[in-house]
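Participant: Here are the chains, one letter per residue:
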Amino acid sequence: MSLKVDNLRITYRTLRGDVKAVDGVSFSVSDGEIMGLAGESGCGKSTLGNSLVFLEGRMRHLGGRAELDGRELPIADTRAMNEYRMRQVSLIPQYAMSALNPTRKFGKMAAELLKSRGVRFATVEEELRRRLGLVGLADNVLNLYPFELSGGMRQRATMVLSTILNPSLLIADEVTSALDVSTQRAVGEMLMEFRERGFVKSMIVITHDMSILAQIADSILVMYAGKLAEKAGSDTVVNNPLHPYTQLLLASLPEVGVRYDTSALVGIPGRPPSLLHPPAGCRFRARCPFAFEKCTEDPPFMELQPGHQVACWKAMKDAGLDIGPAVPPAAAVGEEASR
Amino acid sequence: MRRYFARKIGIYIVAFWFAGTVDFLVPRLMPGDPVQSYLSNFIGANTTVTQYRAMYSAFAKAFGLNVPLWDQYWHFWDGVLHGHMGISISQSSLPVTSVIRGAAIYSLILLVPAIVLAYVLGNRIGAMAARRKVLDNTVLPIGYLFQASPYPWLALAVAFYLGAVAHWFPIGSGYAQNLLPSWTNWHFIVSVMYHWFLPFLTVFLVSFGGWAIGMRSLVIYELETDYARYLRALGASQRLVRRYAYRNAALPQLSGLAIQLGTVIGGNVVAEVVFQYPGLGHLILQAADSQDYFLLMGIFLFIIIGVLVANFVIDIAYVMIDPRTRLAMQGAQA
Amino acid sequence: MSANPGPARAAGSSTPAPVATGSPGEELDELPSAAPAPQGPGERLEKGALAGAQAAPVAPTPTLAAGAPAVRLGRQRWEFLHYALRNRKLVFGFSVELVFVLAAIFGPLAAPYSSAGDSSSAGVPLKDQCAAFFCASGMTTHPSAHHLLGMTYFGGDVLSIMLYSLRETYLVGFLGALFAGIIGLALGFTAGWRGGWLDDILQLFTNVVITMPALVLLIVIGAYVKIHSPLFEGIFIGATSWPWVARAVRAQTFTLRERDFVDLARLSGKGGVSIVLKDIAPNMASYLFLVFILLFSSSMLLSVSYDFLGLGPTNVVSLGDMMNSAMLWSALNLKAWWWFIPPGAAMALIVFGLLISNIGLDEVFNPKLRES
Amino acid sequence: MSMLEIDKVSKLYKSGTFGGGLKAALRQVSFNIERGEVVSLIGESGSGKSTLGKIILRLVPPSAGCVRFEGADITQMKGRALHEYYRYVQGVFQDPFSSYNPLYKVDRVFDMVHQEFFPHLSGDEWAARVGSALEAVTLNPGDVFNKFPHQLSGGQQQRVLVARALLLDVKLLIADEIISMLDASTRVDVLNMLVGLKKRGLGILFITHDLSLGNYISDRTVILRNGTIAEMGLTPLVFGNPRHSYTVSLLKAVPQLHKKWEDIDIDELLAAELDREAPALAPRGPESRRYSKSSLAPARQARAKDILPQGEQGPRPSLMDLPGAPWQRKMSSPRLAKLLLSQPPPELVEVEEGHFVAVEG
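Protein chains in written order, with this note's numbering: chain C, 1363 to 1701; chain A, 6 to 339; chain S, 29 to 400; chain E, 74 to 434.
Quick caveat, the hints were computed from the structure, so don't treat them as lab data. Bear in mind the structure is a predicted one, so any value in this text is a computation, not a measurement. Treat the hints with care, as some may be off.
To be verified - Here are the computed lysine-lysine pairs in the BS3-like style, where the Cα-Cα straight-line distance is at most 25 Å:
id, chain 1, residue 1, chain 2, residue 2
1, E, K96, S, K306
2, E, K151, S, K298
3, S, K298, E, K127
4, E, K178, S, K306
5, E, K244, S, K306
6, A, K13, E, K244
7, E, K151, E, K81
8, E, K96, E, K81
9, S, K298, E, K81
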């Protein structure tokens, strides 16, 4: 068991108040697993991923814990966390193309970064060159300034640098988003290769693009409005989704070969709820065509089939579970208030 | 590289031409007749009209004002480019160039150290303030207070408290009055240093606060950039992150220095006047008061040249420290 | 808005523009195709120029040059007010300003020694004889109950003269800021909007003017013509202090011009002038407001220096004039500190108040700064 | 006569930090758009697709060539004529939020059209028009009126912009990546809405980098690569029977839900890619394409390395640095521009009826 996250709650301070970006999230990632973290913008997936590495200024840890290789990650303690960063848990940020110091040569920056982490550059230099070669960057990028590299080259250099100390867990945040299709494929394959070569043990790949995850992820975790909706092996999620949100989302994706005149697609009406004051109960309720009374209650994230977890009353009912009577709305509200 | 500098030098040439033309046109286009107002200094009650006319045409000729405007313009630039700036009337009829040379040294020993020191210290302290709350809470208000202070007031306050009241340093003049200026005389040099300190302090204070405040904001900004976020996410030491932030913040500060020059020179003029310090600022005001037009024009052009040279030096320094400009200009990318 | 130093970032990432959904949640998370902020040397240079420009006149508040905020102004006016009233710096700065503005307006009426016989022209005493209007005792005196800030060599009541001077200083400062603002905006907008050769020429002009030391230039001009009115002084100050405004506005216009809403306005058949005035300028409103404050402060400071050197208007009295006569009449040797310290301190306090409220406003405009 | 004729349009941009270089964003691109036709213009970043959209909208002038709308050359239009042109041709852009001036309410985008094009219409008449335009984009007026842009969702924002175009007598809508910033769950609704408008006779140029979207919506497809057309034709033909190796490689790289990349032969893809690199004149391409070559297996990489242009080892080559190019650095821009523009793009050959492919190699 590589990563174990338990009831993690992260808020994000904004002008209008605290956004409950990650609201009681529990999951685990095993050794060697590439877990895709999917969801639409604003669902909290980036906040979740980043919180495992670095809580930025506006993020607050409200509760819950994360455990990596049996040791608790002190995610709320920026200083204590330093020891784990890059060595145990590392990040390829969303802004990877601008993550390098513009006025330092890449090699020099890498050396200084490693030195400040207590690693002698000489001990990893050979490996760094080798890995750069692997992602198609020649040795001399070490002697170049970031502006001499193209955006894609910078991104790859960042990927290599982030993983040079063979972290146990890598968070890859929207690394394929701004890329063209052919590039997406190359970067996606690089990520898989990193895992295969043991540069990283396991990986969380954050993206809004389900089809990328279908290609590279072993499992997919779908988030909706700060909560977990569904987690299962990627084939299962793609072919056999249980959560209505996942189902509708997948059904709305146009694929090559699909034309409106032969098979028109439909989207999901409505928009996700505000996370400033999220509604009680299932957060997808308002957009869900299957919603029923029970959905005013918060659905638990339950394992319905081996390795397949879902937070949906309907799915539970369909699976033949006794979900109990629907709590009358008034009572639910009262309960909410009393908390 | 060549392209970049060619462009810059082009700007400087135009700036110099502009300054020269202002210098040339102002006395000619402004209402009033400079010769006439100049002559009024010499005219007594018994000057006859004939005498006056003779004097007028003699001076007009001496000033080169008796030929068409275009020829005057031509002569003007010819003179400027050959270093013939005429003679100074108020300063014992010495050539303007040598009068300027005598005063320029005082201004330079005042300005150069003040600018450099204010820049270096201001940036250092500003960067420190960006990371230490205590320092931030003291440096910032003080910095703003210095920035808000009018130069004459700052100069007068320094002169009053450190000079007139505490008697730590002399005020007035650039050296002890009983000494003859001689840069080989040890006593004279000590005396100059002694008189130099207060005006120096004033000019230093004039710009110090601005640098500190500017650097503080820039460093804070740099600490929020993507590369700083990335370094922190990978657990880099605060020291490294700050060092990078400082280095990168220094670049805009450097180009700020070029723009600041005019302001510092203004502060310098005020300080020289308050302390009766025998530099160019003091001299140019004297020249204006005594309507010593050649001297006035000469000093103005000299100051402009100084500013342009300083700008050029800063350009070169910028290119040296910013790899992006440097490499881009070598045509690596062009 | 655009690209300059300051906690609020430039181009790409500065505007916390919600991209996809527009729900309050959007601010926290991924903007899939948000382009990384440009890192080209060009941007750097521009940024430097701006920073320097900021540094030049008075307060380098690069945060605002970062030009982030504008957007917020129209969006949530109530929110702006909410934060404005809670910002201690802003409240402090504005209170200081209020006190001095009131003093400038009503001061002359309340001045303890305003000339009784000549109240109509009370604001414009001739400067070296100004004493005559106020009192006529003879020598400098220490501050006392009768003369709160003491008396000048001519027996003028320092406090009274100061109250009269404030008006002039404010007036010149305002005029200078106004003219510099007008020139800077006009050139900045033109260069930024039109681009091309016109931009090249205007930039060249800007770069040339920026190298001219204003004070020295004024000494040269002043040698031939005397400045007779605050209006002229204001114009002159304006004519020499616009370049950094032009640069900043140009840079901002350049970035805003790239926004899709500008293209949309063009597709709607709008002309260039209308787009600049209605679409681009309002988006810089908060920034321009801060620019005006900076200009105002720097103009007042410049006018004090001019007046101090005797280059100012000859027929009015200003704070700079007070220091000028203090120096001319050896206040230093007479140890008459009350003659020059109070006027300078008043000036410093006025500008200090402006600078502090500037920071405060910046924090209010710029949500990122508000957080901390 | 086609509604819109794009005739040998070229666009050069200054490139390099100090504007010393030139980059050809478009080279002699020609194609037509018929009335009521949806054409998708597909290309990766740097292919020049957005530039072409902006040229058609007269937001950017072309360096050479012309665009004719109903026979009239729009590149020369000014003042009144341009104003009238905008009556018929309109655009919607990628970033919905950036399309609104954040200071004004959403209504302003309608008001601008009212002022400029229909000043004679009274408030009520206008309101009725806006109402029916909103209906056409399936929006409820109450949801958008009197709101600030940030109060609408991305999908609503884009619909409002389409409705704005519909207020005019629009015949051609340039839709530049209009759904790429929307959330996956709402994208398809906007697409379907465009389809609905097409049925009402609106011509659409649908610019996208996403092949599946282009395929979903369009009648004809133009695949743009490095500023030239690689392949174009009826959409079912282009997607069903791609003939250009670039199109093939693009199709193979598209991540699909139900078909793994592994099942697609990367070697074949790679070979096609390398072939395309061969001509020295290929203008500086988007770096993006290049890393599809850098597949990770060492053997393949070694192979790639031998043939790769130098750019992969260091800074990307600019057009001027390419070996064998007849010009070197000292050439002045106008001459360079001429040379660039005089290079004809690969010839298009009709491989079957309504399906054109650029001749390679």
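Participant: Which of the numbered hints above does this structure break?
Facilitator: Violated: hints 1, 5, 6 and 9.
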